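Chains as they are written, first to last, in this note's numbering: chain D, 1 to 290; chain F, 1 to 234.
These are calculated hints, taken from the structure and not from any lab test.
Since this is a predicted model, take the numbers as computed values, not measurements.
For each residue, glycine too, the CB sits at the ideal point set by N, CA and C.
Just so you know, not all the hints are guaranteed correct.
Residues from chain F that face chain D, not an exhaustive set, calculated with beta carbons under 10 Å [as the list claims (entries may be wrong)]:
#  : residue
1  : Y11
2  : K13
3  : G49
4  : G56
5  : G67
6  : P70
7  : R86
8  : V87
9  : E95
10 : N96
11 : E98
12 : L103
13 : G107
List time: in silico BS3-like cross-link candidates among lysine-lysine, alpha-carbon distance up to 27 Å [as the list claims (entries may be wrong)]:
#  : chain 1 : residue 1 : chain 2 : residue 2
14 : D       : K238      : D       : K163
15 : D       : K163      : F       : K154
16 : F       : K154      : F       : K125
17 : F       : K172      : F       : K154
18 : F       : K25       : F       : K154
19 : F       : K25       : F       : K129
20 : F       : K129      : D       : K238
21 : F       : K172      : D       : K163
22 : D       : K163      : F       : K129
23 : F       : K125      : F       : K172
24 : F       : K129      : F       : K172
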Amino acid sequence: MDQLLQHLINALILGGTYALLGIGLTMIFGIMNVVNFTHGELYTFGAYMLFFVVMVLGLNFFVSLAVAVVLGIILGAAIEFTLLRPIRGANIDTTMLVMIGAWIVMQNSEQWIWSGIAKSVSTPFPSDPLVFGPISVSYYRVFVFAAAILLIVGAHMLIHRTKLGKAMRATFQDSDTAALMGININRIYTATFALGSGLAAAAGALLAPVFVVTPTMGNIAALKAFAIVILGGLGNFKGATIGGFILALVEEFGAGYISSGYRDAMGFLLIIAVLLFRPTGLFKQAERIG
Amino acid sequence: MLAIEGLSCRYNKITAVKGVSLEVKEGELVTLIGANGAGKTTTLRALSGLVRDLDGRIVFEGEDITGAPPRDIIARGIAHCPEGRRVFPYMTVEENLEMGAYLRQTGNGINSDMERVYEQFPVLKERRKQAAGTLSGGEQQMLAIGRALMSRPKLILFDEPSLGLAPNIVQKTFGIISEICRQGTTVLMVEQNAYGALGMCHRSYLLESGEVVLTGTGSDMLDNPHVREAYLGG
Numbered sequence: 001m002d003q004l005l006q007h008l009i010n011a012l013i014l015g016g017t018y019a020l021l022g023i024g025l026t027m028i029f030g031i032m033n034v035v036n037f038t039h040g041e042l043y044t045f046g047a048y049m050l051f052f053v054v055m056v057l058g059l060n061f062f063v064s065l066a067v068a069v070v071l072g073i074i075l076g077a078a079i080e081f082t083l084l085r086p087i088r089g090a091n092i093d094t095t096m097l098v099m100i101g102a103w104i105v106m107q108n109s110e111q112w113i114w115s116g117i118a119k120s121v122s123t124p125f126p127s128d129p130l131v132f133g134p135i136s137v138s139y140y141r142v143f144v145f146a147a148a149i150l151l152i153v154g155a156h157m158l159i160h161r162t163k164l165g166k167a168m169r170a171t172f173q174d175s176d177t178a179a180l181m182g183i184n185i186n187r188i189y190t191a192t193f194a195l196g197s198g199l200a201a202a203a204g205a206l207l208a209p210v211f212v213v214t215p216t217m218g219n220i221a222a223l224k225a226f227a228i229v230i231l232g233g234l235g236n237f238k239g240a241t242i243g244g245f246i247l248a249l250v251e252e253f254g255a256g257y258i259s260s261g262y263r264d265a266m267g268f269l270l271i272i273a274v275l276l277f278r279p280t281g282l283f284k285q286a287e288r289i290g
Numbered sequence: 001m002l003a004i005e006g007l008s009c010r011y012n013k014i015t016a017v018k019g020v021s022l023e024v025k026e027g028e029l030v031t032l033i034g035a036n037g038a039g040k041t042t043t044l045r046a047l048s049g050l051v052r053d054l055d056g057r058i059v060f061e062g063e064d065i066t067g068a069p070p071r072d073i074i075a076r077g078i079a080h081c082p083e084g085r086r087v088f089p090y091m092t093v094e095e096n097l098e099m100g101a102y103l104r105q106t107g108n109g110i111n112s113d114m115e116r117v118y119e120q121f122p123v124l125k126e127r128r129k130q131a132a133g134t135l136s137g138g139e140q141q142m143l144a145i146g147r148a149l150m151s152r153p154k155l156i157l158f159d160e161p162s163l164g165l166a167p168n169i170v171q172k173t174f175g176i177i178s179e180i181c182r183q184g185t186t187v188l189m190v191e192q193n194a195y196g197a198l199g200m201c202h203r204s205y206l207l208e209s210g211e212v213v214l215t216g217t218g219s220d221m222l223d224n225p226h227v228r229e230a231y232l233g234g
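Next comes chain D alone, as it looks inside the complex (with noise of 0.2 Å):
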């Protein structure tokens, strides 16, 4: 029982990130039609950008959290605005070469920039877990956890609520009635690919200090986040975001219960029972953003 409850609370926290990696990545490819390969590289590059703030340049870790979420932003809408913009309507297998070499070409310069040799990030939280009875978590955990939160509710907050939510909703559901009504539709497309890799180097940020930061780790994280794309069914916010947690918990008893070594493999299993059984994802289709 004790075993069970701390296994819970480890993949509640783990959850609330790849719910991060889900949403953005749910917002780019299910919506945008973009099998973005590069997702991944912005969950690194998050990472390497918290590093860098807080090692290098030594400013406060929250300050430099932040630092990095927009960082991310600015190079999401950088690669928007380059790479995608100059082919948009183009068919899916060249977008998807495009960000196949995108992807390439920013892990190769993380690996040449930082070296392949691990980097950790400290963080201002006391390293003693804290304790309830039996259970066991540490401080940053708890607040990567908070945090994660709050960028979700924020996420679908500005998609529901704001008129650039609204106006990004418009363009995925019917484009060219989109720009019937005076939206800028290519602007639209480089807020929601900035958006959603904000959201993937927010994950990788939030995530450093709990593992190391590597020039790989993004790869990993990709396939999780394509994995929770399609549990949550393609553009679908609450499917991404629950996707998320179902895939945490799923590796966490994987982990706890079978084997610790087929962590990763967990993933991959629950997609092929999805793709067998539910091939539009769990949640109904009218949940959609887009």
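We have chain D already, so just place chain F on it with the hints.
Leaving out everything else, chain F in the frame of chain D:
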């Protein structure tokens, strides 16, 4: 108010519109009739800036708007109520109406205009928190018209407003469009339903294979032997 001079457009590499010229005067209700594929919808899409591959000139209120992007066209006061209604299916009725007023400053009478749309179409008020995709075809048409009105247009382009609607709803829709014109908004309407369109308009243009072959007042066109034979069933 609006003049199209020698408009030609290519659409998927086919020339869909070949040298169309037409004119709409302020306060008029002008229709563009013709069979499926005659180039009616492409003409409207070119007017709204959705078709970019075009020749000719489009002049609105004395200014050349040829090739302008859709957001400039609507900013100048031309709203487009597209074929098949095209409401945003996963957004609520209210959000759809808000989108119609997208370019307007927040506040600035948007709420009172929305109330006016609700007064005109009470069913939309009842369903204002409902996703637009769950409305019936007729209700979606009312929403699409309301959405177009939300931009406070000087000219509204209607594309096949009768398409896929039950006959009594078609009558109602045509009545609403006539009323919009009577209240001072100029209308250019594309319709396959020639009988209905000619009966309600001031003037009409008949398009065949991308060219204007006939023009005249609604009643003249109704009496024309070619129109009677080809479009009104003899």
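> Close enough to count: is the Cβ of F/P70 nearer than 10 Å to one in chain D?
Replying inline: holds, 4 Å
>> What's the verdict on D/K163 and F/K154, does the C-alpha distance respect the 27 Å limit or exceed it?
In response: holds, 24 Å
> Is it true that the CA of F/K129 sits at most 27 Å from the CA of F/K172?
Replying inline: Status holds; Cα separation ~24 Å.
> Regarding the hint that F/G49 lies at the interface with chain D, is the smallest CB-CB distance below 10 Å?
Replying inline: holds, 8 Å
> For the hint on F/R86, does the least C-beta distance to chain D fall short of 10 Å?
Replying inline: At 4 Å from the nearest chain D Cβ, F/R86 passes the 10 Å test, so the hint holds.
>> Checking hints one by one. Is F/N96 an interface residue toward chain D, by the C-beta closer than 10 Å rule?
In response: Cβ of F/N96 sits 8 Å from chain D, so the hint holds.
>> Holds or violated: the hint that F/G56 contacts chain D, with Cβ atoms closer than 10 Å.
In response: This hint is violated: F/G56 lies away from chain D, its Cβ roughly 21 Å from the closest one there, beyond 10 Å.
> At a threshold of 10 Å, is the proposed contact between F/E95 and chain D supported by beta-carbon distances?
Replying inline: Check passed: Cβ of F/E95 comes within 6 Å of chain D, closer than 10 Å.
> With 10 Å as the cut and Cβ atoms as the points, is F/G67 at the interface with chain D?
Replying inline: violated, 14 Å
> Are the Cα positions of D/K163 and F/K129 separated by 27 Å at most?
Replying inline: Judged against 27 Å, a Cα distance of about 17 Å means the pair holds.
>> Does the closest beta carbon of chain D sit nearer than 10 Å to the beta carbon of F/L103?
In response: holds, 4 Å
> Should the hint that F/K13 touches chain D count as held when the rule is a Cβ pair under 10 Å?
Replying inline: violated, 15 Å
Figure legend: structure checked against the earlier numbered hints; hints not met, in rising order: 1, 2, 4, 5, 13, 19, 21.
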